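2 protein chains.
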Amino acid sequence: MTLDDTLLALADPTRRAILQRLSRGEARVTELAEPFDISLNSVSKHIRILERADLVRRRRAGREHLLTFNTAPFDELAEWMTAQRTLWMNRLDALDAMLRAEDRAAVPAPKRRKKRGSR
Amino acid sequence: MTLDDTLLALADPTRRAILQRLSRGEARVTELAEPFDISLNSVSKHIRILERADLVRRRRAGREHLLTFNTAPFDELAEWMTAQRTLWMNRLDALDAMLRAEDRAAVPAPKRRKKRGSR
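Residue numbers (the working numbering), protein chains in the order written: chain G, 1 to 119; chain V, 1001 to 1119.
Okay, chain G solo, but in the shape it has when bound:
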């Protein structure tokens, strides 16, 4: 189970719709297949991809297979995204601070504005 598995599993509207259904509670394969205009076999394939990414778990209740949503892989993905976004935001803040500092350096004293000329 890697970030690649998670991302590839999520990169399909049918699989996202299956997860969306499972986020409202566990379900049988046939229940999951119902709203889709595709074969039960196709739905099973999608479910297997979700299981491989550990986004879906299967449990047996007697003769039934019940599928459950597992949100854990979301954590790793969310963590990665937050780290990148934070780095970028910090970078923008640093750039902003640098530009402001340059601006202040260009104006030796607050009341000298009129002498600055070409700006």
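Derived by calculation from the structure, the hints in this document are not laboratory data.
Just so it is clear, the structure is predicted and the values come from calculations on it, not from any experiment.
Be careful, since some hints might not be right.
Unchecked claim - Quick list of in silico lysine to any residue cross-link-like pairs, SDA-like style, CA-CA up to 25 Å:
hint, chain 1, residue 1, chain 2, residue 2
1, G, Lys45, V, Trp1088
2, V, Lys1045, V, Glu1064
3, V, Lys1045, V, Ser1023
4, V, Lys1045, V, Thr1002
5, V, Lys1045, G, Asp5
6, V, Lys1045, V, Ala1072
7, G, Lys45, V, Lys1045
8, G, Lys45, V, Glu1064
9, V, Lys1045, G, Ala11
10, V, Lys1045, G, Met81
11, V, Lys1045, V, Leu1008
12, G, Lys45, V, Thr1002
13, V, Lys1045, G, Leu99
14, V, Lys1045, G, Leu3
15, G, Lys45, G, Thr71
16, G, Lys45, G, Gly25
17, G, Lys45, V, Asp1005
18, V, Lys1045, V, Leu1077
19, G, Lys45, V, Arg1085
20, G, Lys45, G, Glu64
21, V, Lys1045, G, Asp12
22, G, Lys45, V, Met1081
Knowing the structure of chain G, use the given hints to seat chain V on it.
The following block gives chain V in isolation, referenced to the frame of chain G:
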């Protein structure tokens, strides 16, 4: 630009490494290619996939092409993940509350514990 584009663009370790580099500041294509053991052409292809997903933007500075990270597509993805996770957590809470209520119903008064027998 869709959630599919975002997810497929992110589902590759080289492309995630490119974004990771860009999250520390904008860069030229050659700079981005440097740490990778693949051709400049391959790196350019990865960048085009990231541009198509609007995760990377290109700006010209004279004769140079500078690439910038755009975090906006992360928002839509994070929003979708949060919505699914919240639904699922609420579902678990509801289940928990239901089980507790059943438990209380099985025990008419708090002091009768000893009479409950087979548990």
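Outcome of the hint check:
1. G:Lys45 / V:Trp1088: holds (23 Å)
2. V:Lys1045 / V:Glu1064: OK: lysine 1045 (chain V) and glutamate 1064 (chain V) at ~18 Å, within 25 Å.
3. V:Lys1045 / V:Ser1023: holds (19 Å)
4. V:Lys1045 / V:Thr1002: Distance ~19 Å between lysine 1045 (chain V) and threonine 1002 (chain V) Cα, so the pair holds.
5. V:Lys1045 / G:Asp5: Cα-Cα ~21 Å, so holds.
6. V:Lys1045 / V:Ala1072: Holds. Lysine 1045 (chain V) to alanine 1072 (chain V) sits at ~21 Å (cutoff 25 Å).
7. G:Lys45 / V:Lys1045: violated (30 Å)
8. G:Lys45 / V:Glu1064: violated (46 Å)
9. V:Lys1045 / G:Ala11: Judged against 25 Å, a Cα distance of about 19 Å means the pair holds.
10. V:Lys1045 / G:Met81: Holds. Lysine 1045 (chain V) to methionine 81 (chain G) sits at ~22 Å (cutoff 25 Å).
11. V:Lys1045 / V:Leu1008: Roughly 14 Å separates the two Cα atoms, so the pair holds.
12. G:Lys45 / V:Thr1002: holds (23 Å)
13. V:Lys1045 / G:Leu99: Outside the cut-off at roughly 34 Å; violated.
14. V:Lys1045 / G:Leu3: This hinted pair holds, its Cα atoms lying about 21 Å apart.
15. G:Lys45 / G:Thr71: holds (20 Å)
16. G:Lys45 / G:Gly25: Distance ~20 Å between lysine 45 (chain G) and glycine 25 (chain G) Cα, so the pair holds.
17. G:Lys45 / V:Asp1005: holds (21 Å)
18. V:Lys1045 / V:Leu1077: It holds: about 23 Å lies between the C-alpha atoms, which stays within 25 Å.
19. G:Lys45 / V:Arg1085: Holds, at roughly 23 Å.
20. G:Lys45 / G:Glu64: holds (18 Å)
21. V:Lys1045 / G:Asp12: holds (22 Å)
22. G:Lys45 / V:Met1081: holds (22 Å)
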